[in-house]
Structures are given as C-alpha cells and as structure tokens.
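A.B. asks: Okay, here's what each chain looks like letter by letter:
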Amino acid sequence: MDATEQPKLNYLNAGNTVKSWLFTVDHKRIGIMYLAAMTVFFLIGGTAAGLFRLELATAAPDVLSNDIYNRLFTMHGIVMIFFFLIPAVPGVLGNFLVPLMIGTKDVAFPRLNLASWYIYMAGGMFTLAAILFGGIDTGWTFYTPYSSVYADSNVILAGTGVFVTGFSSILTGLNFIVTIHKMRAPGMTWMRLPLFIWAQYATSIINVLGTPVLAITILLVVFERTLGFGIFDPTKGGDPVLYQHLFWFYSHPAVYIMILPGFGVISEVLACFSRKRIYGYEFVAFSSLAIAAIGFFVWGHHMFTSSQSEYAALIFSILTYLVGIPTAIKIFNWTATLYKGSIELSAPMLYTLGFIGLFLVGGLTGIFLATMAINVHLHDTYFVVAHFHYVMVGGMMMAWLAGIHFWWPKMFGKLYNEFWARVGAVVIFLGFNFTFFPQFIAGYLGMPRRYHVYDVAYQPFQMLSTVGAVFMGIGLIICLITLVSSLFSKKTCGKNPFHATGLEWNNADSPPDPHNFTEPVVVDVEAYDYTDERIYEDS
Amino acid sequence: MKYVQTSPTDASTYASDVDSLYAFLIGMSVVFTVAICGCIIYFAIKYKRQSDADRPEPTKDGNLLEILGSVIPFILVMIIFFWGAKLYFDARIPPKDAIEILVTGKQWMWKVQHPNGKREINDLHVPVGVPIKLTMTSEDVIHSYYLPEFRKKMDVVPGKYTQMWFLPAKEGIFNIFCAEYCGTEHSLMGGKLKVVGQEEYEAWLNRRWVDGQQMAAVDSSDPTVAGKQIWDTNCAAACHTGRPGAIGPNIEHKFGSMRKLEGGDEILMDDYYVKNSMNNPNEHIALGYPAAMSAFKGVLNNTQMNQVIAYLKSASEVAAE
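Protein sequences appear in the order of chains A and B.
In this text, residue positions in the first sequence follow this note's numbering: the first is 182, and each later residue adds one.
In this text, residue positions in the second sequence follow this note's numbering: the first is 5, and each later residue adds one.
FYI, nobody ran anything at the bench for these hints, they're computed from the structure.
What you are looking at is a predicted structure, and each value in this text was computed from that prediction instead of being measured.
Built from N, CA and C at the ideal position, the CB exists for glycine as well.
Hints may be right or wrong, so weigh each one.
Stretches of chain A that chain B covers, calculated by requiring three or more beta carbons in the stretch to come under 8 Å of a beta carbon on chain B [claimed, not checked]: (1) 188-201; (2) 264-271; (3) 383-392; (4) 396-409; (5) 416-428; (6) 618-628; (7) 633-644.
As a list, the in silico DSS-like pairs of lysine-lysine whose alpha-carbon atoms are at most 25 Å apart [said to hold, decoys possible]: (8) B/50 to B/115; (9) B/164 to B/174; (10) B/50 to A/521; (11) B/100 to B/258; (12) B/164 to A/417; (13) A/521 to B/52; (14) B/164 to B/52; (15) B/50 to B/90; (16) A/595 to A/286; (17) B/258 to B/198; (18) B/137 to A/417; (19) B/110 to B/301; (20) B/64 to A/521; (21) B/258 to B/164; (22) A/363 to A/286; (23) B/196 to A/417; (24) B/110 to B/174; (25) A/189 to A/672; (26) B/52 to B/115; (27) A/417 to B/301; (28) A/521 to A/189.
With the C-beta cut set under 7 Å, the calculated list includes, among others, these residues of chain B facing chain A [what the hints assert, rightly or not]: (29) 27; (30) 78; (31) 84; (32) 86.
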C-alpha cells in the first residue's frame, strides 16, 4: 500500500470511540472484544497455576496454606475451562471468521451476538466477584455434597458465573447454526465449506444441546445450598452420584466443545502451509459430527469408581473407544496431507505440528483411561491431570495459538516478527512437555490429584513439572510480546500474505471492510484448491 | 539410591496383571507416536518448500487410509476393552472367604472396624494371604479409598455402602490415600496399610495397647453380644418374632440366603441389604409382608447397626452348622 494514501476504511478504523466498540454489532469487533476479555481471563488462570505449581515443587507445604492451594486450583480450573477453553475459538476466531469464510456480511443475529458477549462478561464478573470475596474451594467439578452442603466458600457466586456464561455459549451456538445453514454465499455448498466451519457447526450443536443440562445442574446445587433441596444431599434422601451423572453429561461433551474448534483451525493451517487440500476432506468433516454425536454417550467413563453399576461402566467403556476412531481418522488424514506437499515451517505451522504430536499423546492416554481396570488405578491421579492437559493445553491451546498467529494479519493487517514467533512456539512446546510428561509417571506411581502435601517419593516429578512450567511461561510471554508489538509496527500486509485459499483471504481486505466484502461473493472452486493461481497473486 | 520407579510396587498378583495390560498400552502408544511423529518429521524435511513458486501436485483421496485407519484401531481397542473389562470384573467380585472390615470415611480420617470389634483410625492392619473385603461408607462428603500398590480404588459415598476387596500377597507397609477431593485437608487424609503375618494379626486384634498409647476407642465387647441385645429389644420383640403371623419375616438365621421380594425379585441378604433395610426399609419389601417397617436411621447409630449385622451373621453360621 502506498504510504501517502489515506488508509482504506476497515472495521478497526470505522469508529474510534469506546461507544463504537461497546455497542458494535459487527461480528469482527465482537470477536476482538472476546479476544481482549479472554486474554485477561487466561492471565488470571495462568497466574493461579503458576502459584500452585511453585507450591508443588516440593512435597512439604511451603508457600501456600492448604486452603489457599485448594482455592487456587479451583480458580484455575473454572477460569480456564469456562472462560478460556470453551469460548476461545468460537468466541474469537468463530465470530471473526464464520461470516467471512462463508461469504456473508455478518452472523444471522448480530444483536444476539453482542448480547452473548455481554452475557459472557456478566458470567465472568460473577466469577471474579467469587474470587475477590475469598474464592471457592470445591474444584471446578463442584462435586456434591461437598459443594452443596459442606464447602465454606463462594459456591453460589461462582456457580452463578458458570450458569450465566453458559447462555453465551448456547446463543453463540444457535447463531452459528443458523448462519451456516442460511447465509452461505452463492456456490458455497456444504461440501465446499472450509473444515473450520464444519468444526464450528459440530461444536455449536453440542453447545446448544449440552449446555442447558449444566445450567440445570448448577442451579440445583445452588438451590440445595440456599433452600436445602434434597436432590444430591443423602441426609435428605438425595443422591450425590446423580450429580456426577448430570455434571458429566455436559462436561464430557464439553471436552469436544473445547477441542473440535481446534481441529478446525488445524485443518486450515495445515492445508495452507503444505499447499495441499486436506486429505480425505469428507472423512475429516463428518468425523467432527461423529465425535459430537458419540461424545454425548460416554460420560460415565468419569465414574468407573463412583459406585455406578459395573454394567453401565462396561457400556461407557466401549463407547469411549468408539469415539476414539473418528479422532484417529483425523490424525491419519492430517498426517497424509503433508505427503508430497510444499511444507513451510512458519510459526502457525509449528504450533499445528506440535498440536498433532501432543494431541496424539493426549488421545492415546485417553485409551488408557477408557480401559476399566487401568482406570480404577489411574482415576483421580496425576495421570488424569497429565492426560487432559495434553488434550486441553497441548491440543487446544496450541491450536488456539496456531489460529491466532495464522489469522493475526487478517485481523489487524500487520505481520508479527516471524523469528520470535517461531522461538515462542518451540519454547512453549518444550516447556509443555517438561511440565506435563512427568505427571504421567507420578500418576501411575499413584499420586492423587488435588494434593497440597504429598509423599516425598513423587517430588522429582513435581519438581520437573515446576521447572517446565517456568519455560512454558517464558514461551507464552515471548508469544504475547511478539503479537502485541506487531500492532505498533508501521508495516502493513496485503490481503493474503500466506497464499491461503478461502474467502476470508482472497475476497476480503486485511483488515476487512466493516461489511466484509466490497464486491458480491460467488464461489466457483472447491475448498483448499491450492492449484488455483489466483491465491498466489497478491501478498 | 533406588533407580527411578515407573510403576508402584506391586503388592498383589492383581497388580502385576494390571501392569501387563499397562505395558501393552504403552507399547501400542509408542508404536503410534513414533509412526505419526516420524512421518511428520520425515515429510517436513523431505517436502520442505524450496521456493515460493512450488505448486505441489494434488493427491487423490483414496479409501484405503480411511479403512485401515478405522479397522486397525478398532481391532486394537476391542482387544484392550475385553482385557480391561475382564480384569475389572475379577477385581469387583470378592471371594466368599474374605475377611470383612468396615471402613467409614469422614473429613479427614478413615475409621476402621475389624470383625471382632477392634477399631483403628487411618491405618489398616490385615493378615497376609487372606482376601480382605472392605465395606465402606462416608459420614459427610465423598471420599475414595485408594491402595496404589494394589491398583485398587473405590469411592466412599455418603448414604450408601460400597465395597472393594484385595488380596495382600506379601507383608509390608503400603499407602492408603484419599483420591476424591474432600475439602481443606484432603491431601492429609490417609494412612498406612500394614500387611502382617497371620499370628501377628491375631495378636494385634486382641491387644488393647500399642506402644504405650491407647488405641482409639477400642471396643472390647463382642459385637455379636451387643448385636443380639439390640436385635431382641428392637427387632424380634414386635416384628421379626419368628412366630407365625409375625408382621416381619423370620430372618434371624437367614443371613447369606436369597430373600424373595414383592414383585418376584430375589435379593441376597448381606451386609449391604441389612443395613439398607434399616436405613430405607421400603426400598425392598419382603414377599407376603406389609411395608410396615420403621426406619432405624437416627435411632441406631452406625456401630449399633454393624453390631446387629455381626449378630445376624453369627446366628446364621450357628444355624448352618
């Protein structure tokens, strides 16, 4: 772009007042507002983790009291799951990209979309209030009767936060489903949709079907605490195990709410930096739907030792293996996509390849945990902690960072420093493995999770974890500085700096016009057509 | 210094069975991880972009990868499923000759009662070579009884009785952890499992003093005697009289037998059933009798209920001989 020329109108410079942001109905601006809020929540959750990781470096209690420790790991779980992992990709990338990718000017219900952000913030405020008034010590799982009768902390406030923010997920899910069904550009058939859209679609279905169950469950806990309902409290004839069924009926599918959008990101980045169509497009697309569907019937694998029926456990075990099959299919197809590609190890691609490796370990250890006899030993140990961090951090957070780096030029029209972005990616990858791999071993050796003081035999593993976490923290800081500093650079980028396919790259500017496209959009090519010379023209 | 351990000491034959399955899973995971990561690294080097003008030939999708990619994992997970399920079911069904010990969890301790009434807190003494069955409940929140060296764990849930069993194969001292988060001092809730020789166990059971310290609340009276007293005054006097026309069934000597229920079902009269009937009498109604039993929850405490069970058990053993 010529430096003397007035900058083109885009969604960022279309209004500079606070009001123009807070009352915007532009899906792109709402995406950026999610990004800002979510970064704050991520830092809060990360700080909590840093503090209790420090405590766990040695077996003895030295930095924190047991009560503070319990409140910190609870806060880490609640903030990271409900305010980062669940809304991260749909809230930021989904909002920003769904209309751009399908070639429309906004989501189907723009005002509802803004309302979703306010609901998310309201839920966040309740949770922050719970933290400021002294925290909550039930663990993010809110198990009864501890949460509903015995806990002496802010269960009601935090529960309300989770309850409220759930509606933001439901409404966003609804919005995306309608948008994807009704607002695709001419020629954008279902089988031409980017895989990111398929993943968002599958996620939205789970959000709409699953989240209300969590809302009801949390509400029952709040009622039991305030009004003394006997739903879960056995002294009143309630059943504490019923709570676990209700909770995991949502919270297992929620794992897919968190990871499926990440799968979508991985497919986009992988195709671009190997210049290949994703191998087995249909299989990758439908495996998202298969995971969403089967994912609803596996919740009891969290309850093999809970006193649920042995026969129920049998069914949940076998269904859990079945959900592994479509997941394996995705990994095989992504790997096959690289074959005979033209591979560039850019920062987003490094995150993506890191994702495949780490998610693979997370998935395979999931097979361990689905195995009934193994699960009995490993349930509620550090093995489980390591497993879900490989899926949630090694998988989801890496996918999230891949996506943020990949679409950063589109969002802000600026390129970050590629060298430092790569350094950040490598440091995070190594730091992550140092943090969480030792926990698999500590877990098989029998160290229970949520232990503030522990047997000294586990200390070497915990010490390694803490050292690894320091590296991971450094990697995240490098990444944050690299991205933020790019915003102040004068250098702008063209509309398609990575030569990617997709309407967001080829038909919209960087940053896009407030109305997304200045010319009518008609789709005449298949998804991921990297032989199309038009994508290599402008950069 | 000891070499770095990657699995806990195995204190029973079951533990080494679990470890074999675990080793199989590790082997499978290593194969998949090396294969996938190997491919990724190989492709990333071999097909590195040489110039910005590179335009790779599109690959044709084939179904072979999808078929192999579903069928091979499917076969593998089915093998693992049956293997894991078989071990799990073996581990759930206690042998008939197991010693029955009652465990009650409360924030933040384990209260243990042995068959002769002897009690201990947190620790558990058991004889080597004899299967041990734990019948467990909680007084407050959910806890979980975890014996890592035995690869066994079971949640301890308020309002119901859960059970687990294990066979201590060698003498030694092992960990007992609480695995389910139960509040402020969760990480301190635990003790030691002390597997001792048969004679030492007998001697320990009948000893009142250990190392000059009084054992916590040793109950020296025979629970069957106290149990009979409660049975006679509370149960047999008005209802389970054993005479024709009684309002409750004659069950004084029927412990361990199958009982017929209204609606055609049968149920085993065991610890759980007896205790549950005292707490929730209307859950199972004996065939031919009215649903008239009053609940003893709050009338008899946990210890007294256990004494009644001990008595019924001994009375049935006498009847069987």
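A.B. asks: Counting residues of the region 188-201 of chain A whose CB is closer than 8 Å to a CB in chain B, do you get three or more?
C.D. replies: violated (count 0)
A.B. asks: Please work out if residue 164 of chain B and residue 52 of chain B have their alpha carbons no farther apart than 25 Å.
C.D. replies: violated (62 Å)
A.B. asks: Run the distance test for residue 521 of chain A versus residue 189 of chain A: straight-line Cα separation, threshold 25 Å.
C.D. replies: Cα-Cα ~39 Å, so violated.
A.B. asks: Take a quick look at whether residue 50 of chain B and residue 115 of chain B sit within 25 Å of each other, Cα to Cα.
C.D. replies: violated (64 Å)
A.B. asks: Between the region 264-271 of chain A and chain B, see if three or more residues pass the 8 Å beta-carbon test, and mark the coverage as holds or violated.
C.D. replies: Three-residue rule not met by the region 264-271 of chain A, so violated; n is 0.
A.B. asks: Please verify whether residue 258 of chain B and residue 164 of chain B have alpha carbons no more than 25 Å apart.
C.D. replies: holds (23 Å)
A.B. asks: Could you grab the alpha-carbon distance between residue 137 of chain B and residue 417 of chain A and see if it respects the 25 Å cut-off?
C.D. replies: Between residue 137 of chain B and residue 417 of chain A the Cα gap is close to 29 Å, so the pair fails against 25 Å, i.e. violated.
A.B. asks: For the pair supplied as a hint, residue 164 of chain B and residue 417 of chain A, confirm whether the alpha-carbon distance does not exceed 25 Å.
C.D. replies: At roughly 13 Å apart (the allowed maximum being 25 Å), residue 417 of chain A and residue 164 of chain B satisfy the hint.
A.B. asks: Is the interface hint satisfied for residue 84 of chain B? The criterion is a beta-carbon contact with chain A at less than 7 Å.
C.D. replies: Since the shortest Cβ distance to chain A is 5 Å, the answer is holds.
A.B. asks: Are there three or more residues in the region 618-628 of chain A whose C-beta lies closer than 8 Å to some C-beta of chain B?
C.D. replies: Our answer is that it holds, as 4 residues pass the Cβ test (under 8 Å) against chain B, meeting three.
A.B. asks: Residue 164 of chain B and residue 174 of chain B were given as a pair; does the straight-line alpha-carbon distance stay at or below 25 Å?
C.D. replies: Roughly 31 Å separates the two Cα atoms, so the pair is violated.
A.B. asks: Are the Cα atoms of residue 50 of chain B and residue 521 of chain A separated by 25 Å or less?
C.D. replies: holds (8 Å)
In this structure, the earlier hints numbered 1, 2, 3, 4, 8, 9, 14, 15, 17, 18, 23, 24, 26, 28, 29, 32 are contradicted, and the remaining ones agree with it.
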